[in-house]
Amino acid sequence: MSKNVTEEDRQYWTANKKLITILLSIWAFVSYGCGILFVVPLNNIQFFGVPFGFWMAQQGSIYVFIILIMVYAKRMDTIDHRFHKDEEGAGE
Amino acid sequence: MTTENWTYLFIFLTFGTYIYIGWRARVKESAGFYIAGQGVPAIANGAATAADWMSAASFISMAGLISFMGYDGAVYLMGWTGGYVLLALLFAPYLRKFGQYTVPDFVGTRYYSDVARIVAVICAIFVSITYVAGQMRGVGIVFSRFLNVDVGTGVVIGMVIVAFFAVIGGMKGITWTQVAQYGVLIVAFMIPAVTIALKLTGNPIPQLAFTTSGIVESLNQIQVDLGFTEYTQPFQGKEMIDIFCITVALMVGTAGLPHVIVRFYTVPNVRAARYSAVWAIIFIALLYTTAPALAAFARYNLISSLHGSSISVNAEQLAEDGAQTYSLAKTTEEGEELNFDWTQGWQKTGLLTFEDKNGDGIIQLAKDESINEVNIDRDIIVLSTPEVAGLAPWVIALVAAGGLAAALSTAAGLLLVISSSLAHDIYFRMINPKADEAKRVAVGRIMVLAAVLVAGYFGINPPGFVGQVVAFAFGLAASSFFPIILLGIFSTSVNREGAIAGMLVGLLFTAGYIVGEKYFGMPRWCFDISSEGIGAIGMLLNFAVTLCVSAVTPPPPQEVQDVVESLRLPDHAGPAIVLDEGHE
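The listed protein sequences correspond, in order, to chains A and B. Mind the numbering: the first sequence is residues 1 to 92 in my numbering, read in order. Mind the numbering: the second sequence is residues 1 to 584 in my numbering, read in order.
Watch out, some of these pointers could steer you wrong.
Per label pair, the in silico range of CB-to-CB distance [stated by the list, open to error]:
#1 B:552 <-> A:28: 22 to 32 Å
#2 A:26 <-> B:5: 43 to 53 Å
#3 B:524 <-> A:7: 26 to 36 Å
#4 B:552 <-> A:20: 26 to 36 Å
#5 B:12 <-> A:21: 46 to 56 Å
#6 B:371 <-> A:26: 14 to 24 Å
#7 A:84 <-> B:552: 36 to 46 Å
#8 A:74 <-> B:29: 33 to 43 Å
#9 B:524 <-> A:21: 32 to 42 Å
#10 A:84 <-> B:23: 35 to 45 Å
#11 A:26 <-> B:4: 48 to 58 Å
#12 B:362 <-> A:44: 36 to 46 Å
#13 A:7 <-> B:432: 39 to 49 Å
Heads up, incomplete: computed chain B residues facing chain A, CB under 10 Å, no partners named [claimed, not checked]:
#14 86
#15 220
#16 232
#17 274
Please keep in mind that the hints were generated in silico from the structure rather than gathered at the bench. Values in this document were obtained by computation on a predicted structure and should not be read as measured data. Cβ atoms here follow ideal geometry from the backbone N, Cα and C, with glycine treated the same way.
Work out the full structure, taking the sequences as your base and the hints as a guide.
This is the structure:
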């Protein structure tokens, strides 16, 4: 480990990795789960007259992707702030 | 005004705008030339990324593909947008922090090896050339269909325009023209989609009309009536495992595409990189959620209007130039007389053909090829939508301009990757590290020009494989770049030996499988996975090899580990990025 990396830096990285893991689990669930693996049973559910599995594959998963990327950017702002990574460096 | 005149007007206006922007954004420094001086605001970079990424294929072909594939078309929708989640969470912030000019730069520095750099350069160039040839071809097709100039002339016009703003403006010129091109392409895509949604369902928002109007149900019903399976029925053309692997390969390949990654080098800081990913996915999703709606509308509209219409030989056309085309007509239940004049132009291109097989004077659509009397090339779905829906000539012209914007913006981004791989990674990093600014920019410009010429050549003389190379581009990006960039950021212990071995194994396995399956009739021995999806397996192999080899060879030097640590901290003042090339 580099001597330049502080304990706070390590915690910052751990918080970041945890956030990524949570968001990517949702990512995998909506696309590979709802959109592909469980699409046949989900198609038995009607979503406004469209089979739900089909709708997730062609519409829903994309909306979830937008939310995931947005949540990541917002949450990272908070995490940056908590670990003081948002100070002068933001304008580098 | 005729459609042709409108098309000339729109092309003249949009091309004039691109040239003007390119001229305004001209650059002299290498930082401006390769990464737009890192001064691009997040929202502008989001729009530029969206245009960069959405190619002629997204604009012209994707909705058509989905229209023919039904549920299975979701591989493109999820694959190409899901990759952005990976890009935004796993790559963009860290590569921006790294702050160099190219993807091979990252690979060469992180793996302290010129061999790794050269492997990365070869992958980047191969991926980009296969891709750019398709874009130039797209430009040629739009010109030939809408302006009756031949494909070659169209390609040359496209080359001149791209060359102009890419050579003088570099990445800066490309960025700002891409922002404009995004505007043109999204308007051109949305107007016909909104109009046809309104016409078929009474709801102007395609996404809502698709979900709530019951059109999908009606389409399913028509399909069943004609002997097809339901539109929403999964796994009709492909097995579940194949759909799964193709989606993985497209997602991971998207995240590994060099021309998309470098876009995140152009923003001012790490935070801006995260937010430009947000903008990019919003801008992309606008088209990607509209496309499946358009696909269903177009399919419904085509089937319900063409099926059962009367057919007769167009005598006028036959007398004029001897071309055998047919006139179609139909009387609706409300007693309205419809004639399908729009089919004339497409029949002449050979992309839409009719044959009254049973001679009853009525057109039948059916799954069974011995009864089916209509053949529709899927590439005409988007381009013909405005005509099918009977929209004004200017809308048709706008679609042509949009198709060109989509093709040119992607071509420009790819050309810059080819140029920077040669001028920056090979010339500056390896041949002449002492080159001054003026010389580096000059070499960059020459390489863009050379790349334009190569792309143009392939556009005019398309190698027979163009249609199939998309599998190549994504498969190779997935199996070569993705694992080693990911491990390069998230592991400090992965080393040079591991990365080189991993890239080569991933690359050779994937390329070998694709070539074998496409050209030598090799059976799909790997779980029956098709060429489009094999990149997913190549990626896994790359991960496995990289990790195993790294475990049994010496760890990276301390200064490289320090670089990795510093990538993870947005404002970290720690060790400067090591660019010393003397490790080998």
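Hint check:
1. B:552 <-> A:28: 22 to 32 Å: At roughly 31 Å between Cβ atoms, residue 28 of chain A and residue 552 of chain B fall inside 22 to 32 Å, so the hint holds.
2. A:26 <-> B:5: 43 to 53 Å: Once the Cβ atoms are compared, 51 Å apart, the range 43 to 53 Å for residue 5 of chain B and residue 26 of chain A holds.
3. B:524 <-> A:7: 26 to 36 Å: violated (51 Å)
4. B:552 <-> A:20: 26 to 36 Å: Because 28 Å falls inside the window, the suggested range holds.
5. B:12 <-> A:21: 46 to 56 Å: holds (52 Å)
6. B:371 <-> A:26: 14 to 24 Å: For residue 26 of chain A against residue 371 of chain B, whose Cβ atoms are near 47 Å apart, the range 14 to 24 Å is violated.
7. A:84 <-> B:552: 36 to 46 Å: For residue 552 of chain B against residue 84 of chain A, whose Cβ atoms are near 39 Å apart, the range 36 to 46 Å holds.
8. A:74 <-> B:29: 33 to 43 Å: holds (34 Å)
9. B:524 <-> A:21: 32 to 42 Å: Check passed, 33 Å falls within 32 to 42 Å.
10. A:84 <-> B:23: 35 to 45 Å: With Cβ atoms ~44 Å apart, the hint holds.
11. A:26 <-> B:4: 48 to 58 Å: Given about 49 Å between the Cβ atoms, the range holds.
12. B:362 <-> A:44: 36 to 46 Å: Taking Cβ atoms as reference, residue 362 of chain B and residue 44 of chain A lie about 37 Å apart, which means the hint holds.
13. A:7 <-> B:432: 39 to 49 Å: Once the Cβ atoms are compared, 44 Å apart, the range 39 to 49 Å for residue 432 of chain B and residue 7 of chain A holds.
14. 86: holds (8 Å)
15. 220: holds (9 Å)
16. 232: Check passed: Cβ of residue 232 of chain B comes within 4 Å of chain A, closer than 10 Å.
17. 274: Interface hint status for residue 274 of chain B: holds (4 Å vs cutoff 10 Å).
Consistency with the previously given hints fails for numbers 3, 6, ordered from lowest to highest.
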